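Novice: Below are the chains, spelled out letter by letter.
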Amino acid sequence: MSDETPDAHETQDGSHETRAELQKSGTELEIIGVRQGSFGVHGTGDTSGFGGLRRPIIMPGAATPPFGGWYDEVAERLAQGEGLADAIEKVVIDRGEITFFIRRAALPRAARHLRDDEGLRFEMLSGVSGVHFPGDEGRELHAVYHLLSMTHNRRIRLEVTCPEDDPHIPSVVDTYPTADWHEREAWDMFGIVFDGHPHLTRILMPDDWQGHPQRKDYPLGGIDVEFKGGFIPAPDNRRSYS
Amino acid sequence: MTETVNDPYAGTTESTSGPVFNVTGGDWDSIDADTLEGDKLVINMGPQHPSTHGVLRLILEIDGEQVRDARAGIGYLHTGIEKNMEYRTWTQGVTFCTRMDYVAPFSTEAAYVGAVERLLGIEEQITERAKVIRVMMLELNRISSHLVAIATGGMEIGALTVMTCGFRDREEILKAFELITGLRMNHAYFRPGGVAQDLPDGALDQLRDLVAILKKRLPEYAALCNANPIFKGRLKDVGVLHLPAVMALGITGPILRSTGLDWDLRVKQPYWDYETYDFEVVTRDEPDAYGRFMIRQYEMWESLKIVEQCIDRLAATEGQPVMIADKKIAWPSQLSVGADGQGNSPEHIRHIMGESMEALIHHFKLVTEGFRVPAGQAYFPVESPKGEIACHAVSDGGTRPFRVHFREPSFVNLQGVSAMSEGGMLSDVIVAVASIDPVMGGVDR
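Chains Z and H, in that order, are what the protein sequence lines are.
Here the first sequence stands for residues 1 to 242, where the numbers follow this note's numbering.
Here the second sequence stands for residues 243 to 687, where the numbers follow this note's numbering.
Treat the hints with care, as some may be off.
Claimed, not checked - Below, a sample of chain H positions facing chain Z; criterion: calculated Cβ distance under 8 Å:
hint, residue
1, Gln290
2, Gly317
3, Lys325
4, Tyr329
5, Arg360
6, Thr369
7, Glu370
8, Leu491
9, Asp520
10, Gly618
11, Ala620
12, Arg645
13, Arg649
14, Val654
By construction, these hints were calculated from the structure, which means they are not laboratory data.
Everything numeric in this text was worked out from a predicted model, so none of it was measured.
Glycine included, every Cβ here is placed at the ideal spot set by N, Cα and C.
Next comes chain Z alone, as it looks inside the complex (with noise of 0.2 Å):
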């Protein structure tokens, strides 16, 4: 019974109600979306009685300073660069990894001062990967950038984010020269313009293709295997749960 599925404009109110519900309590949620049911099946009738049940899916939430240990130092730092007083949207802290959201258009400057700054010395970047969260409204494509300290023996966490309709991020190719094909590959599977790179062209997928796999839209492909006359359907049409 495939015409149960909720279409994607009623998840989207969903969303929406539950955003407005949840943010009254004066916190800002980071809610990427909301999960049905019980089980997550979909498709499918779900017998559990919880049909109904919606609840929002909602990532780790802003921390406040003091952060502790060296977050602080390194927060600070950052934030002292020149042209950096607003770059950071927020702090996550999350599982012993710090992670700063920082304004795109600040990204470059960020990412130099990271490196050349004394105290931050973050000489390597380790990679870049793109992530789609189709319900993060306005944000749905984010860059997530893994910077490494070796000076100081230490990890930070970059994410920058970029709408779906505008996905343009700067490069930070010229600050760290290794992204120039990390920053291709999350433009081929993401579709996120890295403004100022080189040369961004498809690097895994070929020259022609079209659309960007890696998408959460972008379907998985594959065809069902008949066996002694019963099909078993392609990974993403089986019954499943999320």
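Starting from the structure of chain Z, add chain H where the hints point.
Specialist: Only chain H this time, still in chain Z's reference frame:
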């Protein structure tokens, strides 16, 4: 100048930048030199070429024998593993990611299960024995990966004996892997919460024999190569990359350590009790192919030291659990080979089918639906034989990964091929690529 060339295999080739020749074998004489303007030639090396470590394509602009410009084209082995993992449970993900870097599969598994365990917040609960087994497998894998690097690198410069020796010794390690995990490659042995299976009976004796064999055979590489004038002539001062360039390009592993920096995550940011093992980080002040070859050689000895310590610890922890105690995460059964030669777990089947309805429900839920991982993200770096491999895992609180990304050292290190080979000889490109030791399964994922 536009010229159309008829190629019986590839159809028509059009070019706007000069004449195109399709020379696929030894028929270089068929090129009419009079049609060339200057000596500049763009050569497409790969993706099918025995010395490019799989399906790597190099686009080389050469002037005589000298490389003016080198570009790497990748993606020929892209299989969408990261995307596929979003459609399987967290446990099934291991089966996918182990196929990325098939020469060092345990490192990929380690990064993945490490990230999942950090997301679950169960890092403290991993049992001692599980961690020791993991470390031992990682170190054996480091030796087998370095053996492949040395073997294929040797083969590419014509040292075929090095290749046969390397694969002969690697086979011994793969036998141990097969004994412990059931498979020579694609193990899916590390699982979130521990390892899939405890060591089989008699494994420790076989591992001790393996260490003895390796101790006997590793010196052969030194005897064959270290002072060999041809070998040194081909490797010394080739593929040079100094520390600033290595850092800028994000290159890690033996290439980074060949510049003299003692950066090794096992020591600098230890995981799974690496700080309790006695071993040295190998560095060298020779940032060339020879230095990297020597580092790999000495690292095998250091890994062997760790493996020996692991065997002692495994002997001391005999019978202890290899999976987390939390029944909501731990895979329910331990496989054993039955009388029919098939692997299953008769005791567990008796329990769920005959004794406890709740156990059956629990088994069913855990195996079909999987466990839920609280929303958030984690980054877990591991020192693989090739450098820093890390998994960036994002969860939305569901039973499947929302997004997993692997920071593959082969992918990052391969960016260095341009800087290493431009300005050098064409034959040195092969040596430079071999010294990077890329595995295309990891590069393209």
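Novice: Against the structure, test the hints numbered earlier, and report the numbers of the ones violated in rising order.
Specialist: When the structure is compared with the hints, numbers 1, 6, 7 and 9 turn out to be violated.
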